[in-house]
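Undergrad: One letter stands for each residue in the lines below.
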Amino acid sequence: MILTPEIVTIEIINAIFVVFATITFVISLRIVLLWENDSYSPLQYKLQLQSYLAATIIKFILYIKILLFIFFVYTLDNIATLLPGAMCGAGVVNATVYGTPLLFLKIINLYLFAYWIVLHNQDMHTKHQKYIRLKFILFIVVYFLFMSEIVLETLMFYNIDILKVVDCCGSIFKTTDGSYLSSILSISDAIMLKLFYALYGLMIVVFFFKNRYIFSILNLLFVIVALISLITFFGTYIYELPTHHCPFCLLQRDYNYIGYLLYILLFLGTFNGLVLGFIDFDINTQVKKYKFALFFNGIYIVIVSYYVMSYFLKNGVWL
Amino acid sequence: MIKLLNVSKRYDDIIALKDVTLQFNEGELIVLHGVSGSGKSSILSLIAAISKPTNGEVVVDGDTISMLPDHFASVYRRDNIGFIFQRYNLIPSLNVSENIIIPLIPLNLTQDEMMQKLEYVMKTFNIEHKRDVMVKKLSGGEQQRVAIARANVNNPKIILADEPTANLDKKLSLEFIEVIKELKSQNRTIVIATHDPLFFDLECVDRFVKLENGIVVS
Numbered sequence: 014m015i016l017t018p019e020i021v022t023i024e025i026i027n028a029i030f031v032v033f034a035t036i037t038f039v040i041s042l043r044i045v046l047l048w049e050n051d052s053y054s055p056l057q058y059k060l061q062l063q064s065y066l067a068a069t070i071i072k073f074i075l076y077i078k079i080l081l082f083i084f085f086v087y088t089l090d091n092i093a094t095l096l097p098g099a100m101c102g103a104g105v106v107n108a109t110v111y112g113t114p115l116l117f118l119k120i121i122n123l124y125l126f127a128y129w130i131v132l133h134n135q136d137m138h139t140k141h142q143k144y145i146r147l148k149f150i151l152f153i154v155v156y157f158l159f160m161s162e163i164v165l166e167t168l169m170f171y172n173i174d175i176l177k178v179v180d181c182c183g184s185i186f187k188t189t190d191g192s193y194l195s196s197i198l199s200i201s202d203a204i205m206l207k208l209f210y211a212l213y214g215l216m217i218v219v220f221f222f223k224n225r226y227i228f229s230i231l232n233l234l235f236v237i238v239a240l241i242s243l244i245t246f247f248g249t250y251i252y253e254l255p256t257h258h259c260p261f262c263l264l265q266r267d268y269n270y271i272g273y274l275l276y277i278l279l280f281l282g283t284f285n286g287l288v289l290g291f292i293d294f295d296i297n298t299q300v301k302k303y304k305f306a307l308f309f310n311g312i313y314i315v316i317v318s319y320y321v322m323s324y325f326l327k328n329g330v331w332l
Numbered sequence: 010m011i012k013l014l015n016v017s018k019r020y021d022d023i024i025a026l027k028d029v030t031l032q033f034n035e036g037e038l039i040v041l042h043g044v045s046g047s048g049k050s051s052i053l054s055l056i057a058a059i060s061k062p063t064n065g066e067v068v069v070d071g072d073t074i075s076m077l078p079d080h081f082a083s084v085y086r087r088d089n090i091g092f093i094f095q096r097y098n099l100i101p102s103l104n105v106s107e108n109i110i111i112p113l114i115p116l117n118l119t120q121d122e123m124m125q126k127l128e129y130v131m132k133t134f135n136i137e138h139k140r141d142v143m144v145k146k147l148s149g150g151e152q153q154r155v156a157i158a159r160a161n162v163n164n165p166k167i168i169l170a171d172e173p174t175a176n177l178d179k180k181l182s183l184e185f186i187e188v189i190k191e192l193k194s195q196n197r198t199i200v201i202a203t204h205d206p207l208f209f210d211l212e213c214v215d216r217f218v219k220l221e222n223g224i225v226v227s
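Residue numbers (my numbering), protein chains in the order written: chain A, 14 to 332; chain B, 10 to 227.
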């Protein structure tokens, strides 16, 4: 068990959120089961009032949870110093069996939480709240994922043994041990780079044709390719070390905390692109979402490419 | 056209309206009367979408406004309703013109358009000479005129007035009635909740609706 002020903060916030999320979960169930759009009964008016309350609480929780993800990543990086062998958050994630599933679940939840918030905002701006049932059904799903995340998070912190030596990121993200991760990391840089830039190029093309479904799929592919290429290729230029493939060390002071900026840009860009495929926005909002996606993804590309070009210009060679 | 269909309204244990069905036609002047607590103000706040019924439906021009989400209820109020409150509900720290112009702020009008509308209502309701005076320094009748001007500045289709003459003497009440006649001549739908007997002899009133304990009795 490990308890630092950051972990205590996360756990207290989690406990508060569990209480409120459970209350809203019950209200959501009632709304999903009993909501009747054309009814003017006392129950319907009561449900409408409760839906405002529940949606406000959910929105607040999900906003905070999105921001807490940054704090969670910071906490991982911070407690790495307490674990023998760990050099960054990667060692902490790998210290228990719960770390990796938790991280993946958090990333999925990040997108789902943001999707719920956008869906809710959209619902509040349609006259007859056409998304009301959908958003509360989605929250019921989100609630289970949210609770799973909290359970995994608590289990992870509870099971960290500060006396046990853990692997450092150099060992976790090596490309030669035959593991599933290493096989992903062994994909040719040339292929990943072609994919990476081609996907962005396609996004620009699709922007002119305005096909929101294709744009959404491209963004889904882009986030995967961007993360893999960051680990396999671009990260090595940020570290200026061809064997260093860690996605966590980017978050450290030695690298000017560039990881925070890169991950936030990638999230903002790909989320705005992805959400287009799931919500039928009015045309103005759609255009805004396209532009936001292209803008944030574009900045991400410029920054990671800058590291490569800057290394080449300084040293005259590629890594 | 305003329709209240089987509308009930409860405030915890208090029943303000019981299964009320009413219809007000466009351009009508209706006086709701009855003792305090009979449900007059509840009807006004339901028509203004300030509150929601506990049961039943409020329909304005074919749109069920009682089911509108808050955002759309605000837009509906902004575009359709002019509300004159018993205590005027003016902002004491603002002057006359600032108070009147408030409903225009969310409309994103140009400065010229706002000033044009402001000048028109101040002139119509004879308050332009007090434009820069803080409202807290005005007399009751003047405050009433500011409240009327504010309720009319966005040219609403429906004017609701809750006990508008309760704080006025007879002379000022008669002045208010003249203003109401003027508004009626502009084909506005006007609903006044009052127990002031001055209204009961008015020829311009199309209908009187008497309420008792939340029920329409005549």
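Read the hints as simulated data drawn from the structure, not as lab findings.
For clarity, every value in this text was computed on a predicted model and none was experimentally measured.
Be careful, since some hints might not be right.
Stated by the list, open to error - Some chain B residues near chain A, calculated using beta-carbon distances under 7 Å:
#1 Ser50
#2 Lys61
#3 Thr63
#4 Pro78
#5 His80
#6 Ala82
#7 Asp178
Said to hold, decoys possible - With beta-carbon atoms standing in for the labels, derived distance ranges:
#8 A:Tyr171 <-> B:Pro115: 47 to 57 Å
#9 B:Lys27 <-> A:Asp51: 21 to 31 Å
#10 B:Pro115 <-> A:Leu47: 43 to 53 Å
#11 A:Lys223 <-> B:Asp22: 49 to 59 Å
#12 B:Asn34 <-> A:Ile83: 51 to 61 Å
#13 A:Pro114 <-> B:Lys166: 31 to 41 Å
#14 A:Leu254 <-> B:Ser83: 21 to 31 Å
To be verified - Okay, derived cross-link-like pairs now, DSS-like style, lysine-lysine, Cα gap no bigger than 25 Å in a straight line:
#15 B:Lys190 <-> A:Lys140
#16 A:Lys140 <-> B:Lys12
#17 B:Lys132 <-> B:Lys190
#18 B:Lys12 <-> A:Lys72
Even for Gly, the Cβ is constructed at its ideal location relative to N, Cα and C.
Undergrad: Run every hint past the structure and note whether it holds.
TA: Checked hints:
At a threshold of 7 Å, the smallest CB-CB gap from Ser50 (chain B) to chain A is about 19 Å, leaving the interface hint violated. About 6 Å separates the beta-carbon of Lys61 (chain B) from the nearest beta-carbon of chain A, less than 7 Å, and the hint is met. Because the closest C-beta pair between Thr63 (chain B) and chain A is about 5 Å apart, less than 7 Å, the hint holds. Because the beta carbon of Pro78 (chain B) sits about 6 Å from the nearest beta carbon in chain A, less than 7 Å, this interface hint is met.
For the restraint placing His80 (chain B) at the interface with chain A, the shortest Cβ-Cβ distance is roughly 6 Å, inside the 7 Å limit, so the hint holds. A distance limit of 7 Å between C-beta atoms decides the matter here; for Ala82 (chain B) the minimum to chain A is near 10 Å, and the interface restraint is violated. With its C-beta approaching chain A no nearer than about 41 Å, Asp178 (chain B) sits outside the 7 Å limit, and its interface hint is violated. For the pair Tyr171 (chain A) and Pro115 (chain B), the supplied restraint of 47 to 57 Å holds, since their beta-carbon distance comes to about 52 Å.
The supplied range of 21 to 31 Å is met by Lys27 (chain B) and Asp51 (chain A), whose beta-carbon atoms lie about 23 Å from each other. At roughly 34 Å, the beta carbons of Pro115 (chain B) and Leu47 (chain A) sit outside the given window of 43 to 53 Å. Take Lys223 (chain A) and Asp22 (chain B): their Cβ atoms lie about 56 Å apart, and the range 49 to 59 Å holds. Range check, Asn34 (chain B) to Ile83 (chain A): about 59 Å between beta-carbon atoms, so the 51 to 61 Å window is met.
Judged by the Cβ atoms, the range 31 to 41 Å given for Pro114 (chain A) and Lys166 (chain B) is violated: they are separated by roughly 59 Å. Checked against the hint of 21 to 31 Å, the C-beta distance between Leu254 (chain A) and Ser83 (chain B) comes to roughly 57 Å, which is inconsistent with it. Among the hinted pairs, Lys190 (chain B) with Lys140 (chain A) is inconsistent with the structure: their alpha-carbon atoms are about 35 Å apart, more than 25 Å. With a CA separation close to 19 Å, the supplied pair Lys140 (chain A) and Lys12 (chain B) stays within the 25 Å bound.
Under the criterion of a C-alpha separation no larger than 25 Å, the hint pairing Lys132 (chain B) with Lys190 (chain B) is consistent with the structure, at around 16 Å. Restraint check for Lys12 (chain B) and Lys72 (chain A): the C-alpha separation of about 35 Å exceeds 25 Å, so the hint is violated.
Violated hints, in rising order: 1, 6, 7, 10, 13, 14, 15 and 18; the structure is consistent with all others.
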